[in-house]
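Chemist: Below, each chain spelled out in residue letters.
Protein chains: 2
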Amino acid sequence: MPLSRRIERDIKSASKIRKLFEEGIRLKEIHGEMNVADLSLGNPVVEPPDGFVETVSDLIQQRTGMHRYMPNLGFPWVREAVAKTLTDEGYFKGLGAHQVMMCAGASAGINVVLKTILNPGENVIVVAPYFVEYKSYVENHGGELNTVTPAEDFSLDVKKIAEAIDHKTRAVIINSPNNPTGVVYSKENLTELADMLARKKHEEGQTIYIISDEPYREIVYDGTSFTSIANLYANSFMVYSFSKSLSIPGERIGYVAINPEMEDGSAIMGGMAVCNRILGFVNAPALMQRVIVDVGVRVDVKDYQARRDRLKKVLEESGYEFVKPQGTFYLFAKCFDGEGTFIEKAKEKLLLVVPGSSFGYRDWFRIAYCVDDNTIELACTKLRELAEASRG
Amino acid sequence: MPLSRRIERDIKSASKIRKLFEEGIRLKEIHGEMNVADLSLGNPVVEPPDGFVETVSDLIQQRTGMHRYMPNLGFPWVREAVAKTLTDEGYFKGLGAHQVMMCAGASAGINVVLKTILNPGENVIVVAPYFVEYKSYVENHGGELNTVTPAEDFSLDVKKIAEAIDHKTRAVIINSPNNPTGVVYSKENLTELADMLARKKHEEGQTIYIISDEPYREIVYDGTSFTSIANLYANSFMVYSFSKSLSIPGERIGYVAINPEMEDGSAIMGGMAVCNRILGFVNAPALMQRVIVDVGVRVDVKDYQARRDRLKKVLEESGYEFVKPQGTFYLFAKCFDGEGTFIEKAKEKLLLVVPGSSFGYRDWFRIAYCVDDNTIELACTKLRELAEASRG
Chain A
92 MPLSRRIERD IKSASKIRKL FEEGIRLKEI HGEMNVADLS LGNPVVEPPD
142 GFVETVSDLI QQRTGMHRYM PNLGFPWVRE AVAKTLTDEG YFKGLGAHQV
192 MMCAGASAGI NVVLKTILNP GENVIVVAPY FVEYKSYVEN HGGELNTVTP
242 AEDFSLDVKK IAEAIDHKTR AVIINSPNNP TGVVYSKENL TELADMLARK
292 KHEEGQTIYI ISDEPYREIV YDGTSFTSIA NLYANSFMVY SFSKSLSIPG
342 ERIGYVAINP EMEDGSAIMG GMAVCNRILG FVNAPALMQR VIVDVGVRVD
392 VKDYQARRDR LKKVLEESGY EFVKPQGTFY LFAKCFDGEG TFIEKAKEKL
442 LLVVPGSSFG YRDWFRIAYC VDDNTIELAC TKLRELAEAS RG
Chain B
92 MPLSRRIERD IKSASKIRKL FEEGIRLKEI HGEMNVADLS LGNPVVEPPD
142 GFVETVSDLI QQRTGMHRYM PNLGFPWVRE AVAKTLTDEG YFKGLGAHQV
192 MMCAGASAGI NVVLKTILNP GENVIVVAPY FVEYKSYVEN HGGELNTVTP
242 AEDFSLDVKK IAEAIDHKTR AVIINSPNNP TGVVYSKENL TELADMLARK
292 KHEEGQTIYI ISDEPYREIV YDGTSFTSIA NLYANSFMVY SFSKSLSIPG
342 ERIGYVAINP EMEDGSAIMG GMAVCNRILG FVNAPALMQR VIVDVGVRVD
392 VKDYQARRDR LKKVLEESGY EFVKPQGTFY LFAKCFDGEG TFIEKAKEKL
442 LLVVPGSSFG YRDWFRIAYC VDDNTIELAC TKLRELAEAS RG
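Chains as they are written, first to last, in the numbering used here: chain A, 92 to 483; chain B, 92 to 483.
In short, the hints are calculated from the structure, not lab data. Note that this is a predicted model, so its numbers are computed, not measured. One or more hints might be untrue.
Just so you know, same-sequence chains aren't split out, so a pair can sit in one copy or run between any two.
[Unchecked claim] Derived lysine-lysine pairs resembling DSSO-like cross-links, with alpha carbons at most 30 Å apart: (1) K103 with K292; (2) K175 with K119; (3) K259 with K103; (4) K278 with K415; (5) K119 with K425; (6) K438 with K226; (7) K103 with K440; (8) K175 with K393.
Just chain A, with the same shape it has in the complex (with noise of 0.2 Å):
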């Protein structure tokens, strides 16, 4: 066999999304691209803001020895940069550079902080519906995932994440936009859920990890307000890209920060720095870390929220149930019929959407709305005619 068996058994699971994917080529080369509403990718079709193409031609001149290896939490100056924007912006109190790991994007982080932390057999709670390489992430580093259903308007059930936790837990992922559903935690629910760890701790010595997957914080619609967890409780891992915020998926760069609270917090940094390095990414990438700091976050979610916009429309006219979407640029909605079916007549209809089951929540499907506004009109007239065919 020349895969290894848990690679051979991922690449099987993983097969649903894959050959989506697969059939999008294949049906973009049958029917043109035109013609295909492909809604499966996060990747978004926005250019990265004015300022960005002019910050890497000037950086790429300044100054020798800028390619070179840095300390594996990232250039000093650059960590300063992140703790002293973190701290203006009301994210944490003080936090100093010591604090910070610059990483190459929020999946990077994650990874790496669950090498810092996690012993093989821990497990770690995540709240369905979730992003899927959550589960591959959990267990690169002999883990367990433990999954626990949401409230019914799919905000934290905190009662039913306290049940979940066993002596094993070590660690829960938030997130925060949340990818597939688009809804935002409001402060006091996740208040509620900070207080009840802390409880855990105090009465009965447990230290259990937040991870805070904050990428898509800044794209918030409405007025909505976004609360950090990493801000409320001590023991929390803030783990940010700017993938969504600079549109620059490919290149790579975030950072994790913790708050400056953390037990152990420089054991913890120690352990970051080690990690980092014997993983494989051994720094976030050189260039864009200066980039990050020069550019600063400009998001622009005028487009996104258009499209958010449209398509709720239609969702709402032709009979969908779905999620009140208050933020990222996912809408995630309930199937007509049963998810295989479903699915299988959107493709016939050449719309291409992501089951629910991919997020470990069976029977919806998620839009990335990421997309041109040709491609939206063309979704929501195939839809609106799902939904038809569907009651007819």
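Please build the complex by placing chain B on the supplied structure of chain A, with the hints as guidance.
Modeler: Below, chain B without anything else, positioned relative to chain A:
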């Protein structure tokens, strides 16, 4: 305990090098950077070649959509260009783009390969002295390191490698030109290994992969000819990084190419695509993928050669026993006295070198001469004094 037990242990075992680095920083603060000869790190002071800055400046202006996600294996035309170069330069016969994965440097590439092929409990053979992080890479994926001593001239002892193979052996890592010895394995030596593994397959049906780690292959001296074992053995992965050849280790860019005759090569490439994603690399940094195509590889080894010659002369004159350095920017020499005493005495003289035990080979030490000429001269004086003191 905040850290996982594995990382707690890794930090302890890595502490010798780490302490040395920290000691280096401390010594430079006390005595001034000009007075400390720090030869501990393989971080080239050479700048990227002419054309690098211009290429980045040009590419950043061109085309939209260039910072988005691309397929996990890399931009198709970049993989095509790498395949063509490797074919044109005679590394492989008829290599195709579908047999190349772009990755975030060699450390990423090796981790992706190991995750793809390794089952927990299997072992990977390395030949001492070896790059210390191979151990972590193998253990990341549940494997065990299987260490073999080299021949007296630090070439491969194929008989010993054959004896070390058991039914759990899954791969052999070959690093030529070698870090830390600077040895370039001869074609005959590599053919002997390839033949032995092919016989093993033929007689016992056991597939053992070769992972050929080649970041230093352009850095060779005295007309030494480099042979890639990946060209001599079907079940081979060639892992390459532009860190050394373009002096851009901070940017994290490289590739893995499989021998076109690899069994089940297409399943392996499919597995690598999944592993690149789930390990958290996702893809090699987008901009640098494009840069390496346009810049090409242009290493000027003149400066390294001059430094090597200077150090070699001093080591010879001072009576050190050392390995004939044919490539890389490392020299591997034997300690006068035991390792602990020698490294300590060197440190007292403000000379920083890495102990051989960090490469699984005690009582020797590694010099990294990718430093400036002032540091080389300083080091020469100190190496002479150390030899005199030991004899005196």
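Chemist: Which earlier hints can't be squared with this structure?
Modeler: none
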